[in-house]
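Since the structure of chain H is provided, determine the placement of chain C on it from the hints.
Which chain is which? The protein sequence lines are H and C, in order.
Just so it is clear: in the first sequence, position 72 is 72 by this note's numbering, and no numbers are missing.
Just so it is clear: in the second sequence, position 30 is 30 by this note's numbering, and no numbers are missing.
If you're looking for bench data, these hints aren't it; they were derived computationally from the structure.
Predicted model only: the values in this text are computed from it and were never measured.
Be careful, since some hints might not be right.
Said to hold, decoys possible - Capping the alpha-carbon separation at 25 Å, the derived lysine-lysine pairs in BS3-like fashion look like this:
#, chain 1, residue 1, chain 2, residue 2
1, C, Lys-260, H, Lys-197
2, H, Lys-272, C, Lys-199
3, C, Lys-143, H, Lys-285
4, H, Lys-284, C, Lys-150
5, H, Lys-9, H, Lys-88
6, H, Lys-197, H, Lys-32
What the hints assert, rightly or not - Residues from chain C that keep clear of chain H, each with C-beta distances beyond 12 Å, as calculated:
#, residue
7, Phe-18
8, Arg-84
9, Val-234
Note that CB positions come from ideal geometry on N, CA and C, so glycine has one too.
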Amino acid sequence: MANVVLEVKDLTTKYITRFREDVYAVDHVSLKVEEGKSLGIAGESGCGKSTLALSLMGYYFPPLYYTSGEIIIDGKVISGMKPDDVRKSVLGTEIAYIPQAAMNALNPTRKIINFIEDVILAHDPTENKKFIYDLARASFEILGLPPEVLQKYPVELSGGMKQRTVIAVSVILRPKVLIADEPSSALDVTSQKMVIKMLRSLMDTGFIKAMIFITHELPLLYNVTDDIMVMYAGQIVEQAAAREAVFDPLHPYSKGLMGSIIVPEAGLRDVKLAAIPGVPPNLKKPPAGCRFAERCKYVRAECKVTAVPLYAVGNGRAYRCILAEQVLREAYAHGQ
Amino acid sequence: MASEKNSCLSGEGLTKIFGFGRTRTLAVDHVDFDFHEGEVVSIVGESGSGKTTLAKMLLGLINPTEGEIHFLGQKRDISSQKKRQEYWKNIQAIFQDPFSSYNIFTKIDGVLLDCIRMRGGGHLPKEKKIELMTEACSFVNLKFAELTNKYPFELSGGQMQRLMIARIFLLKPRILIADEPTSMIDACSRATILDYLMKLRDEIGMTLIFITHDIGLAYYVSDSVYIMEHGKFVERGSADEVILRPKEPYTRRLINDVPKIYEEWDLSTV
Numbered sequence: 001m002a003n004v005v006l007e008v009k010d011l012t013t014k015y016i017t018r019f020r021e022d023v024y025a026v027d028h029v030s031l032k033v034e035e036g037k038s039l040g041i042a043g044e045s046g047c048g049k050s051t052l053a054l055s056l057m058g059y060y061f062p063p064l065y066y067t068s069g070e071i072i073i074d075g076k077v078i079s080g081m082k083p084d085d086v087r088k089s090v091l092g093t094e095i096a097y098i099p100q101a102a103m104n105a106l107n108p109t110r111k112i113i114n115f116i117e118d119v120i121l122a123h124d125p126t127e128n129k130k131f132i133y134d135l136a137r138a139s140f141e142i143l144g145l146p147p148e149v150l151q152k153y154p155v156e157l158s159g160g161m162k163q164r165t166v167i168a169v170s171v172i173l174r175p176k177v178l179i180a181d182e183p184s185s186a187l188d189v190t191s192q193k194m195v196i197k198m199l200r201s202l203m204d205t206g207f208i209k210a211m212i213f214i215t216h217e218l219p220l221l222y223n224v225t226d227d228i229m230v231m232y233a234g235q236i237v238e239q240a241a242a243r244e245a246v247f248d249p250l251h252p253y254s255k256g257l258m259g260s261i262i263v264p265e266a267g268l269r270d271v272k273l274a275a276i277p278g279v280p281p282n283l284k285k286p287p288a289g290c291r292f293a294e295r296c297k298y299v300r301a302e303c304k305v306t307a308v309p310l311y312a313v314g315n316g317r318a319y320r321c322i323l324a325e326q327v328l329r330e331a332y333a334h335g336q
Numbered sequence: 001m002a003s004e005k006n007s008c009l010s011g012e013g014l015t016k017i018f019g020f021g022r023t024r025t026l027a028v029d030h031v032d033f034d035f036h037e038g039e040v041v042s043i044v045g046e047s048g049s050g051k052t053t054l055a056k057m058l059l060g061l062i063n064p065t066e067g068e069i070h071f072l073g074q075k076r077d078i079s080s081q082k083k084r085q086e087y088w089k090n091i092q093a094i095f096q097d098p099f100s101s102y103n104i105f106t107k108i109d110g111v112l113l114d115c116i117r118m119r120g121g122g123h124l125p126k127e128k129k130i131e132l133m134t135e136a137c138s139f140v141n142l143k144f145a146e147l148t149n150k151y152p153f154e155l156s157g158g159q160m161q162r163l164m165i166a167r168i169f170l171l172k173p174r175i176l177i178a179d180e181p182t183s184m185i186d187a188c189s190r191a192t193i194l195d196y197l198m199k200l201r202d203e204i205g206m207t208l209i210f211i212t213h214d215i216g217l218a219y220y221v222s223d224s225v226y227i228m229e230h231g232k233f234v235e236r237g238s239a240d241e242v243i244l245r246p247k248e249p250y251t252r253r254l255i256n257d258v259p260k261i262y263e264e265w266d267l268s269t270v
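Isolated chain H, as found in the complex (with noise of 0.2 Å):
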């Protein structure tokens, strides 16, 4: 069995609201990523995913708080660290996080190779600026970035350029997990397309050792990661392998998701996308039963009442639902 890099055991966090209402945005999650392995996390907006991004890194600032769980990175333990030494020794060495605006990281006034000096010498303000130009040069050219970048401003490189210097910046000190949050949904589709290159071949190259890649953009998603984790409303429903995530979706809600693929493939058009009604529970009272209760179409009297543990189905594969997986595989052959 592959070395797993990153193991997350019932990690519960909360907002708390100014008029002291505890939000529970990443509610019992757990998860593993081997060696090498790379995993998608899917939902709409507003189910977690981005909180989930924030609470793996430990770092937690108000409004968000860690209230329980572990996050084991390569065998060490980063959850209840205080917030400067996870900054100190955690953010970039360990664990790297690319927000979807990480354009925005760069300092106009500052040339690309400054910028990489402060990110540097804020983990070791001993390194000299010859070793650091030296990294920095030797990083870019294994990831493909042309080295003249270094030596510009961030107003004179393309979106695509920018977003994919920060890329290579954060992965500098070789973090062992990469945590890439929409990386590319402000991209057009060519730039996005060199993003998911480097990010595939920073994999390849051993800048990282396993990747947390996390979009709402299905299509994208099925290319890029090797398994795929549905969450709703903070909670994980439904865990699988890339392919069987995307083609055979257990759970409701996931099958639902699924539904509202745009690719342009022969044969969709025929496909009537199914969109899912209503919108997802609030999370200051989250429903007692199943949270995807209310929007369900496989709805049953008992989904309302208890809470719905993750089934494990074998194979790495789990699901939220009280139906079984015979059950719910015929209801979407009649049902579609």
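Just chain C, lined up with the frame of chain H:
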């Protein structure tokens, strides 16, 4: 099948040039098009290809530098404010960002009442107006009773976009230009918005013009597709023809760059 229908909006040699001298930019370069009544058309292009400039010209928000636009077979005349407003009864738009599409000082009732007034319903009794507004809201699955007396910022992005469609429902234009209507919302609500737009098209039989960079969306919704590059239409035709059997290398590249699920996504060609 398209040729049997009447032309709704057409253009000849439509050109827009911004600036002059060194900063002269040819945004739209002598494009010809012919949109038929009741047709769903997509104009697909990357950022900077001139598709939004074209949309603005169609809407009459900016004047073309050269070329003519024909509306219902006649030359479009929007020389005076009155004529322009008359034209806007026939052509409406939905934009990408619902947050900036509303007047923040107008309540939602006001937004919808404006639409009724524009259709010449200003003299109707209050009950009738409320009935119309309720009908429009229920068309997009919103409850008018909950929205009344609220300001636009109190709604979520998806609700705002749906309210936008409710407005169009009240206005019943002949042409609707949807400029990236779904690029700010996630894939799941995207299906909902598209559903409503298509339902609206069937209901009032309007021409729907999608301006988008999402070639998958264009393929899914439209009857005909125009591919735009550097201000020119490089390829046009029925959706099946253009997307499944593209002739131009540019179209092929655009399709190639989108992630697929049935075929292998070729990452080597960047």
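Right, here's what the structure says about each hint:
no. : hint                      : verdict
1   : Lys-260(C) <-> Lys-197(H) : holds (15 Å)
2   : Lys-272(H) <-> Lys-199(C) : holds (13 Å)
3   : Lys-143(C) <-> Lys-285(H) : holds (22 Å)
4   : Lys-284(H) <-> Lys-150(C) : holds (23 Å)
5   : Lys-9(H) <-> Lys-88(H)    : holds (23 Å)
6   : Lys-197(H) <-> Lys-32(H)  : holds (24 Å)
7   : Phe-18                    : holds (20 Å)
8   : Arg-84                    : holds (33 Å)
9   : Val-234                   : holds (15 Å)
Hint check: no violations occur; every hint is consistent with the structure.
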